[in-house]
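J.: In case you want the letters, here they are:
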Amino acid sequence: MSSVGILDISLSNLGALQASFRALEAPTILCAKPRDLDFVDRVVIGGVGNFREAMTRLDESGMLSALRNFAKDGKPILGICLGMQLLAEEGNEGGVTEGLGLISGSVVPLDGHGVRVPHVGWNDVEFIGEGAIFEGLESGTDFYFVHNYILEPGSDSAVLGKTTHGQTFASVVADGHVWGVQFHPEKSHKQGRAVLRNFLELDPRC
Amino acid sequence: MLKKRIVPILLWSEGRLVKSKQFSELRTVGHTVKTLSMLSDQDADELLILRIDGQPISEGTFLCEIKESSERIQVPLAVGGGVACAADANLVFEHGADKVVINSICYRDPDSVTDLVSIFGGQSVSACVDFISAQDGYSLYSSGKLIPHSLTLEAHCRNLEALGVGEIILQSVNRDGMREGFDLATLNSVLSLVRTPIIAAGGAGNYDHLRQALTLGVDAVACGSLFVLGDNNPVRAKSFLRNRGVTVRRSL
Chain A
2 MSSVGILDIS LSNLGALQAS FRALEAPTIL CAKPRDLDFV DRVVIGGVGN
52 FREAMTRLDE SGMLSALRNF AKDGKPILGI CLGMQLLAEE GNEGGVTEGL
102 GLISGSVVPL DGHGVRVPHV GWNDVEFIGE GAIFEGLESG TDFYFVHNYI
152 LEPGSDSAVL GKTTHGQTFA SVVADGHVWG VQFHPEKSHK QGRAVLRNFL
202 ELDPRC
Chain B
189 MLKKRIVPIL LWSEGRLVKS KQFSELRTVG HTVKTLSMLS DQDADELLIL
239 RIDGQPISEG TFLCEIKESS ERIQVPLAVG GGVACAADAN LVFEHGADKV
289 VINSICYRDP DSVTDLVSIF GGQSVSACVD FISAQDGYSL YSSGKLIPHS
339 LTLEAHCRNL EALGVGEIIL QSVNRDGMRE GFDLATLNSV LSLVRTPIIA
389 AGGAGNYDHL RQALTLGVDA VACGSLFVLG DNNPVRAKSF LRNRGVTVRR
439 SL
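Keeping their order, the protein sequence lines are chains A and B. Position in the first sequence (from 1) plus 1 gives the number in our numbering. Position in the second sequence (from 1) plus 188 gives the number in our numbering.
So here's chain A without its partners, still in its complex pose:
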């Protein structure tokens, strides 16, 4: 099996992600600088934290353009939680900030109508259409969420999963080989591991 890159911008603990891939017998490489991406054929952008801070670190490390080129080459990228949000064109946490621009749309606060925000806990994802990343899973499967912001996609065609907490939002997005999940597969038991396994099995050539 190929190596998976885990983006390392020193914002969060990557132990759980590394452990999940270890359990799937997939070698991981922490990617902190553009050169590290030469050794992997897919990348996971994980983590929690602040949108603006994360984009600043991506920019300073040179990873911003390196990741855009990685995506342009058609290599799979999976953004998790904040990592999914970074895929958008624009964020609004800590001021308006340009994102990676790999998924059309912007990141806005979750508008919890009469519910608690942040959205924390196990919630179900309704799958829309066919997503390679859901292979073997049923629509309505529960995943673990922890977030305040959501990605509001520019077009419905990018939305492959929806979840409701106060409002219905895109919990899974995709454009080509770029994927984003708002939940944490590395904390979501067997179903989370299935998502990571499906990501490992995506064939970048087709």
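The hints are simulated quantities; they were obtained by calculation from the structure and are not laboratory data. Be careful, since some hints might not be right.
Straight-line alpha carbon distances no greater than 25 Å define the calculated DSS-like cross-link-like pairs of lysine-lysine that follow [what the hints assert, rightly or not]:
hint : chain 1 : residue 1 : chain 2 : residue 2
1    : A       : Lys163    : A       : Lys191
2    : A       : Lys191    : B       : Lys222
3    : A       : Lys163    : B       : Lys191
4    : B       : Lys207    : B       : Lys333
5    : A       : Lys191    : B       : Lys255
6    : A       : Lys191    : B       : Lys191
7    : B       : Lys207    : B       : Lys222
8    : B       : Lys209    : B       : Lys333
9    : A       : Lys76     : A       : Lys34
Partial selection, computed: residues in chain A whose CB lies under 8 Å from chain B [unchecked claim]:
hint : residue
10   : Asn14
11   : Ala17
12   : Ala20
13   : Arg117
14   : Gly122
15   : Asn124
16   : Gln192
17   : Gly193
18   : Arg194
The structure displayed is predicted, hence computed values, not measured ones. Ideal Cβ placement from N, Cα and C applies to all residues, glycine included.
Take the given structure of chain A and dock chain B to it, following the hints.
T.: The following block gives chain B in isolation, referenced to the frame of chain A:
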């Protein structure tokens, strides 16, 4: 919609995983890493482990065991006991915890609770409130001492909500390890007082006790003796609850 959570609660003291009765009579109940991994495999929704020996959280093997556990389990992990400042919390997160649990600093040093919430986000900070009920009301209990009566349970929970903690673990000392059910009256009164999610703790002895608390409106139930001292597990607990109309997470 959000699912109700089953949260095994484990206690760690001087290198041992233990279970208490009314906060004393510690019995050794297993191996930390093995027990946490097993409960994760048995479909717990989240795991909670507290250090109760009064030592600083960084002393001894506690955090090493947390790190090893966090790499084996597949669900969120909350860790507490002896967290006195942001540096302690940071250590806990670095060892793989998803949430930090605080207790005595909520009384002693509310400013550092504000710090924790602003640095790590309220969703990563849980406050544990231990209370003793008596005929004339409640006493709050922390680090082996009673808190002066001027602070009531109600006022303390309101303070915690104002400080922005992500959830409150409401634990009855009287009922700890007794397996006679949760203190439903107290849970009910706190539920009507704050909007912060509540985890009921202290007293779970069978699956119907879990149902009683969850239908009252708590977000989660913490179970110690139920899982570590009996032939019960989260998979069975959730089947029982699902059959009785409680919305719990489906397992694969």
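J.: Each hint should be assessed against the structure and marked as holding or not.
T.: Evaluated hints:
no.: 1; hint: A:Lys163 - A:Lys191; result: holds (20 Å)
no.: 2; hint: A:Lys191 - B:Lys222; result: holds (18 Å)
no.: 3; hint: A:Lys163 - B:Lys191; result: holds (16 Å)
no.: 4; hint: B:Lys207 - B:Lys333; result: holds (20 Å)
no.: 5; hint: A:Lys191 - B:Lys255; result: holds (20 Å)
no.: 6; hint: A:Lys191 - B:Lys191; result: holds (17 Å)
no.: 7; hint: B:Lys207 - B:Lys222; result: holds (16 Å)
no.: 8; hint: B:Lys209 - B:Lys333; result: holds (17 Å)
no.: 9; hint: A:Lys76 - A:Lys34; result: holds (17 Å)
no.: 10; hint: Asn14; result: holds (6 Å)
no.: 11; hint: Ala17; result: holds (6 Å)
no.: 12; hint: Ala20; result: holds (4 Å)
no.: 13; hint: Arg117; result: holds (7 Å)
no.: 14; hint: Gly122; result: holds (5 Å)
no.: 15; hint: Asn124; result: holds (5 Å)
no.: 16; hint: Gln192; result: holds (5 Å)
no.: 17; hint: Gly193; result: holds (7 Å)
no.: 18; hint: Arg194; result: holds (7 Å)
No hint from the list above goes unmet by this structure.
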